[in-house]
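There are 2 protein chains.
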Amino acid sequence: MVNLRIPGPIPVPDDILDKMSTQMMNHRGPKFKEMLYRITDGLKQVFHTENDIFVLTSSGTGAMEAAVANTLSPGEKVLCASIGSFGDRFGKIASVFGADVTRLNFPQGTAVVVDELRRVLDANPEITSVLVTHNETNTGVTNDLEPIARVVKGEFDKLLLVDGISSVCSLPLKTDEWDLDVVATASQKGWMLPPGLAFISMSERAWAANEKSTMPRFYFNLSEYKRYFDMGQPPWTPNLSAMYALDYALTKIVAEGVENVWKRHADIAQMTRDGIRALGLEVFPDDSVASNTVTAVKMPEGVDADELRKHVLQDHNVVLAGAYGELTGKMFRIGHLGYVSTEEIEQMLDAIKASLPKVGIGV
Amino acid sequence: MVNLRIPGPIPVPDDILDKMSTQMMNHRGPKFKEMLYRITDGLKQVFHTENDIFVLTSSGTGAMEAAVANTLSPGEKVLCASIGSFGDRFGKIASVFGADVTRLNFPQGTAVVVDELRRVLDANPEITSVLVTHNETNTGVTNDLEPIARVVKGEFDKLLLVDGISSVCSLPLKTDEWDLDVVATASQKGWMLPPGLAFISMSERAWAANEKSTMPRFYFNLSEYKRYFDMGQPPWTPNLSAMYALDYALTKIVAEGVENVWKRHADIAQMTRDGIRALGLEVFPDDSVASNTVTAVKMPEGVDADELRKHVLQDHNVVLAGAYGELTGKMFRIGHLGYVSTEEIEQMLDAIKASLPKVGIGV
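Protein chains in written order, with this note's numbering: chain A, 632 to 994; chain B, 632 to 994.
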């Protein structure tokens, strides 16, 4: 049995996986309409919002493009506060679609420093919008989103677009209370689902930006999603199978209580970090910013993380994730989002422990 | 048991549906790489091509956007030859992304007239590219693509983008023999799969256009798909579940033989048209252009097609499709793509027959 410990796709619980084999229905019929409205109500509870939420047939990257292309215009001044590869991607999407992107980059393994953000916004009053990643999957760092939002929205009154792909449903995020304008996330994360769906929320402020936005959009045109939503339909044929599974998974999430789901993620993450340190390994970021959905583990100087991953996979059937970009080979990453048992974490820690001598680390 | 007779999503055979519940794997690991390459080989057989083919996580509309955004530039002169709503959509995508679109519209229920196409291309030498729908799902008309391609490519040497969403794998289409530059299609059609994946082929000529193309693209950036393909990966997390099902369905399609799949579609379509006429109803297009994947049925003057559909659904559990746009209420549509049994067509015809008196038609 494979122990899939990458930060998505996550192992899907059997009862949810079963729903993926549900037979097709008419996506323009009354039963679909009921399902779409029920799903949307569930999503709103998890997002902690009364804003519109749409279900897209895409990966999370598609939802990031939707966030950008539906609210910004070519030439518009935008700030991208990045703490890693996925933050950089958000800025790149905006710049590919013509925005004038100012980049505020923080060192790998650290989070956004609010005072820096304030300084840049203060010095660049022409900036209209801020792009930020809630949880940087590549470094295992979670930004403290609430104070970031207080600066961006409360102090400067800018539009705030949030990549919540590896955070929503796993980490505390309160869309309305924190006044987040657009939040994008994807199914193969805390939602306990296969990949293939993305979810995006739009505040009134985001809709106002949408009216002025001139970036081209068709497949991800959220106005069309809104228009069709009133008929209980999506504009294009949706990933029905994953919607059946989502419909079911949401009943479980709501029954458990979203706050309890957050707590479950925090507990399993703590167990993971404690276990990694007990092996004499180093968690890459500081505890104050370490993510509760993905743990990045730094290798001692001269040890190849990908070599360790190979042994762990070959000898123990545990799949760890590598790191992107300049961190490749220097770190490995452990995904612990969705439903994760303590046994799975223990088996993974045992597998790492047994493999350390093979890369020259004595335990 | 519902008899889902819409032109996608189609009823998925049980053995294929079962594959949707396969557990997740690492989409950046060696097993995925094997699957991606195996799938791509199968797709090439069905497309009849040696061109690159990519698997997108989107609906067919996403693949239409990919076709446009990867090959055209804002301001570029493009001809959209449309025979209905989906043809119009193709032109609209191009114009949303900034192309200068000339529209050549043919009457609803008819196909592209090649002499007209030739006349417009001759009169507008600045046109670089032609958009055309192979099978217009809204009117049940199939364009004769081979002579269209001979004019566009052979006589005028333009780039040819084909919406093959409701045709590829169901109707004869030979990408290389007919020299089609871009062909886009989607999983919930003849492929016998749930919705959630789209497939797109790119010729060398299309890649040459891609190099000069300046339309913005990120999620649908096919250069990124190509770059990652060499590593056996997709750039973004894919709809794994539908890929498992596709992997399996392709073995069935290839074993049956693509030509036999086309023949099967032709036979079941003929049975459908014969049955509709035996009920005294009229097939909307002429036999010479009638589609073998979807049959559009015209109602007698004064009879509401949607009223008939309601009775057929309520009393017999048969789901027929309505028509879009100006044809709403005047026609209904029958989907017969993917795997369809003669029993399903018979049951549907019986259901329509029994419901005709309820809308005032004596049989």
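Errors might be hidden in some of the hints.
Put simply, identical chains are the same to the list, so a pair is met inside one copy or across any two.
What the hints assert, rightly or not - Below, computed lysine-lysine pairings styled on BS3-like, alpha-carbon distance capped at 27 Å: (1) K989 to K857; (2) K961 to K929; (3) K723 to K984; (4) K708 to K989; (5) K989 to K662; (6) K650 to K883.
I should point out that these hints are in silico values taken from the structure, not numbers from a laboratory. Being a predicted model, the structure only gives us computed values, none of them experimental.
Quick rundown of the hints versus the structure:
no.	hint	in the structure
1	K989 to K857	neither (55 Å within a copy, 36 Å between copies)
2	K961 to K929	within (6 Å within a copy, 66 Å between copies)
3	K723 to K984	neither (39 Å within a copy, 57 Å between copies)
4	K708 to K989	neither (51 Å within a copy, 61 Å between copies)
5	K989 to K662	between (56 Å within a copy, 24 Å between copies)
6	K650 to K883	both (13 Å within a copy, 24 Å between copies)
The structure fails to meet hints 1, 3, 4 from the earlier list, while all remaining hints are met.
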